[in-house]
Amino acid sequence: MDMKRDYYEDIQLLDSKVLWFWFLMLIAALVTFPFLAPSYYIYMANYMAINIIVTIGLNILVGYTGQISLGHAGFFAIGAYGTVLLMKAFHFPFLFALVAAAFIAAFFGFVLGLPALRLEGPYLAIATLGFGMAITQVIGRWEVFGGRMGVEAPALSLFGISITTDLGRYFITVTIAFLMVLGARNLMKTRVGRAFIAIRDSDIAAETMGVNLVYYKTLAFAVSAFYTGVAGGLFAFLLGFISPSTFNFILSIYFLAFVIVGGLGSIFGSIMGGIVMTWLMLELDKIQELPYLGGLLIGFSEKFMTVAGLPNIASIIFGLIIILLVVFEPLGLYGFWIRTKIYWKTWPF
Amino acid sequence: MFLQLLLSGLSFGSLYALIALAMVIIYKTSEVPNFGQGEMAMLSTFVAFTLLVTYGHSFAISFIGALLFAALLGAFLEFVFLRRAKDPNILSLILITLGFEMVLYGVASWKWGADQRDLPFPVSDFDLVNLGPAVISYLNLATLLVTLALMLLLFLFFRYTKVGIAMKATQQNPMAARVNGIRVNRILSVTWAMSSTIGAVAGIMLAPVATLDPNLMLEPLLKGFASAVLGGMTTLVGSALGGYILGIIENLFGGYVSLEFKSIVAFGIIVLVLCFKPSGLFAKHYIKKV
Chain L
1 MDMKRDYYED
11 IQLLDSKVLW
21 FWFLMLIAAL
31 VTFPFLAPSY
41 YIYMANYMAI
51 NIIVTIGLNI
61 LVGYTGQISL
71 GHAGFFAIGA
81 YGTVLLMKAF
91 HFPFLFALVA
101 AAFIAAFFGF
111 VLGLPALRLE
121 GPYLAIATLG
131 FGMAITQVIG
141 RWEVFGGRMG
151 VEAPALSLFG
161 ISITTDLGRY
171 FITVTIAFLM
181 VLGARNLMKT
191 RVGRAFIAIR
201 DSDIAAETMG
211 VNLVYYKTLA
221 FAVSAFYTGV
231 AGGLFAFLLG
241 FISPSTFNFI
251 LSIYFLAFVI
261 VGGLGSIFGS
271 IMGGIVMTWL
281 MLELDKIQEL
291 PYLGGLLIGF
301 SEKFMTVAGL
311 PNIASIIFGL
321 IIILLVVFEP
331 LGLYGFWIRT
341 KIYWKTWPF
Chain G
1 MFLQLLLSGL
11 SFGSLYALIA
21 LAMVIIYKTS
31 EVPNFGQGEM
41 AMLSTFVAFT
51 LLVTYGHSFA
61 ISFIGALLFA
71 ALLGAFLEFV
81 FLRRAKDPNI
91 LSLILITLGF
101 EMVLYGVASW
111 KWGADQRDLP
121 FPVSDFDLVN
131 LGPAVISYLN
141 LATLLVTLAL
151 MLLLFLFFRY
161 TKVGIAMKAT
171 QQNPMAARVN
181 GIRVNRILSV
191 TWAMSSTIGA
201 VAGIMLAPVA
211 TLDPNLMLEP
221 LLKGFASAVL
231 GGMTTLVGSA
241 LGGYILGIIE
251 NLFGGYVSLE
261 FKSIVAFGII
271 VLVLCFKPSG
281 LFAKHYIKKV
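Which chain is which? The protein sequence lines are L and G, in order.
Numbering-wise (the working numbering), the first sequence opens with residue 1 and increments by one.
Numbering-wise (the working numbering), the second sequence opens with residue 1 and increments by one.
Wrong hints could be hidden among the right ones.
Cβ-to-Cβ under 10 Å is the rule here; a few derived chain G residues that face chain L [as the list claims (entries may be wrong)]:
| no. | residue |
| --- | --- |
| 1 | Pro33 |
| 2 | Val146 |
| 3 | Val271 |
Because the hints were derived from the structure by calculation, they are not lab data.
Glycine included, each C-beta is placed from N, C-alpha and C at the ideal position.
Just chain G, same shape as in the assembly (with noise of 0.2 Å):
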């Protein structure tokens, strides 16, 4: 029992893993929290949805298509919105980002409408694997390894590739960076499409245990977001860890304790990790100077 919900936390955990990673490379360049990021994914999703269902194309294309799109509509919104911001102020960029999420929910469901559709996904949620005393969906063990390999490519991206590293200056120290002969802009937009590839990718890996819906991605992104914050909104590594700890201790309150409280318990383990480490478990605590 306590394996079988470890395990399944863990499944979970690495969605709100995916998301949260996907907000903290945005949150390192633009220093904003991407409320947008869910919808984003959403719409994403629901593109891989039509290129699948409505014009016939393989999972293959309509995968990396909809992956495509993610990265053009995050590039697009850093573009024509973000970078407009004059003088900005953490606030007033929070609220940009919740008017995308207000926009692009709003385009969703016209165009969709609030109907609920399932996304045909080539790995079943219902055959299982054994695994010693526990069993996992092979949607499951699907979704733990893609996010598993998607977080080793980050981090060979960030350590390896130039444009990694050039990322890694401007999120240091975006002056620096320019003096240096980095685009920062460039950066910005490239961070935008690859953080809104990552949330793509959690979308569609969400959407065949969900439904799909302009809803989806609603209530995974505020845990992405609690588990960014409970792991430090700074630290790639500790919003990750940050994902499955409490992807893990939701599933355990779910299953010994109650269930119907299940999904407030991360809200309520945040407020009270927050009052005793400002910044998150894993990030070192700055104090602002004056």
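Chain L on its own, in the form it takes in the complex (with noise of 0.2 Å):
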């Protein structure tokens, strides 16, 4: 079952019946699930897919290709805000302007892939950080955008039928990030995605078997940028406000927080890394309501530190996770998913 024989058995989306079974089973699930769960759980399951699709796209600039960002919080900005825009005032439909605005972020990335041809390191870091910045300096200032105050996301509505609650929009953006992972899985099985990861390991060994590195590196940037911009123009429907403090430095952070928990290269890392992160960060927020704990800290807080300071805890322990993660497993929940399925292969031994 595991030998392939042809090329076309090698780049098939799924290659066995059992992974069709799973596959279909998976769509029923993402299906069935709004109509069980409470509103909450659809609310966070929302917030989920769009962190997903930002990891992906996050996966595919640094994992695949090798490429540090600490500018994404630019790109997630730029879909969000080129989204609601479009929509307001040039009146365009949903679906058109968001595709629209992920092009204009694709766009973006494309002219900030060109200094990264050049660039390494620190030095792309630094560099990528400050595009980041520029965006949201520049959306702020600009009264077209609402200036600090921010901009309020239109009605949504999709082939005539509007949408209100956070079911419909599950609806929307759930099948979209499902495309979008199909479609990132699809695009590393292809000639694509092995030049990202040939430039990844050795930028000149690719260079030297023809892979056109201006041409690649700016397409690994822009079609980050693009998943990132859809997934920022699904988060202006989720909160239904945009600001730009919202799409600051610590945002471009916690995007690679997800990338690295998820796993470097892979996609199916990246789905763990956004749903657990995502249910994190929304856990955490509300911190001293759990049982037990909650109170403890509450009273530790109370005696040495403060009380309206404890939220951020989320940030220490983001942080830890980071660094425990880097030190010990540097392949992220990927790495421990493989580990425990060969553990379980070969069990007895």
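Hints given; two lone chains; assemble the complex.
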């Protein structure tokens, strides 16, 4: 079953009947989930789907192509503001605006990819970081974008049906996320994906093999920005209101944290990273409501710290997770998954 | 007007130069841009604040206490986390320092909240010194002088002390340094301690100009990093010059063109400079060998 006999079998999306079965089960689960779960969990699922898209987008750049980016909040902002403004000012329909905004983000990704051709390591980090900062600053200062106060997302409607609930948004968000995951998985199995991986492993070796560095590096930035832009557009409707302060430097680090926790260079890892980290992020915000630990923490805070600062524990825990994962398990959750799988496969041995 | 902008640009630039120096010292030995630098300095500044206001010590004692704390913190982070990384590449090292940034930020905002405080500083920001056509506040003057003194100290340290020379050896070739009997790991810890101390000085000098809250060092760190990159991450002198250049350009831009977009211009310049000189203005560009 594991033997591949020709190239077309190798690039197939699902290569066995078992996988097809689980694939269909997954679709069924995704469709039935919102009818069984309470509304808060639907909101959470939307959030997760959006973060999965970003994580995959960033992973294409960081994990597959080996370029660092500390400016993805900028692309996220372009996607969000682009979608909202195209709908408000030019009365684009939702899907059209979303795709257009994502293409604008992809264009900016391409532009940012140009200096990246010559930069690496800390130099690339500062260039992307500067880009992210510049985007939020420009948006914050420009009246067209609503300035510091931000803008409200317009009413959402798709094919004439107006969508106002989390349930409605769930179907849009999760469908798009699902398609984008499949798209990324497909992309990575093709010539383009292999070129990205070759560049990550050694760009000089890749170039001697005939990989066009200029083309593929900028393409990696553009694809990554496209994904992030789509996620940004969906995010604007999840919150219903966006302001420049949402898209700060810390957000870019959070995105990187998602990628690291999930596992560099793995689509499946990105999905796990997006889910787990979103869950942590939303739950840690209300850490003081936990049954036993919450009371203890409040007591501790009153004595030594400040109670108002308690939610900042999230930042501490995120930071520790990043450090410990990088130190002990550089492959992230995906590494755990692989190791447990191998453990059970060979079990008593 | 021009001279005035130049002067205040210089004093801001000297803060950037300090942060840039702190980053470069670490970068040269550990090969990682330390994103935790800003929060390390911020935390040390809070320690100074606590010693000064909560416990009522004198400024000198609080200052020295904060510097000691900074040195310990730097050595601690290097020893406990960075050294443990298996087979580190540049990305994972950057991520570890980003992790420091988040942890320290979280600790500071948990402990001190988001309130804005004032660090009482013995030198006033409002009394001015007349320097011919331009004026400069005592505080800015102090910042300038302290920075210059620190740079001189660093220069002497790297040139004439045994530890300084060992550091330079480690920077050039860790393996050869180890062969020659230098304890490379210990040197790394010392480097982190030193860099953290320099950062703390920058933080304490900055606190009276800005307001003391957990976000104190967020933007200065990025500017400091930007100026290190502008000058070149591998040269101490270059990165300090980068800091001054950035401070002056930023201030001139703020004065003549647009105050609103002042803080973006720094990053615009960096990206432009990097397009033409990928290793910064004053560093030699090494072409990677395969």
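Taking the hints in turn, this is what the structure says about them:
Residue-level restraint check for G:Pro33 holds (minimum Cβ-Cβ distance to chain L is 4 Å; threshold 10 Å). For G:Val146, the shortest C-beta to C-beta distance to chain L is roughly 26 Å, which exceeds 10 Å, and the interface hint is violated. Interface hint at G:Val271: satisfied, since its Cβ lies 5 Å from the closest Cβ of chain L, which is below the 10 Å cut-off.
Consistency with the previously given hints fails for number 2 only.
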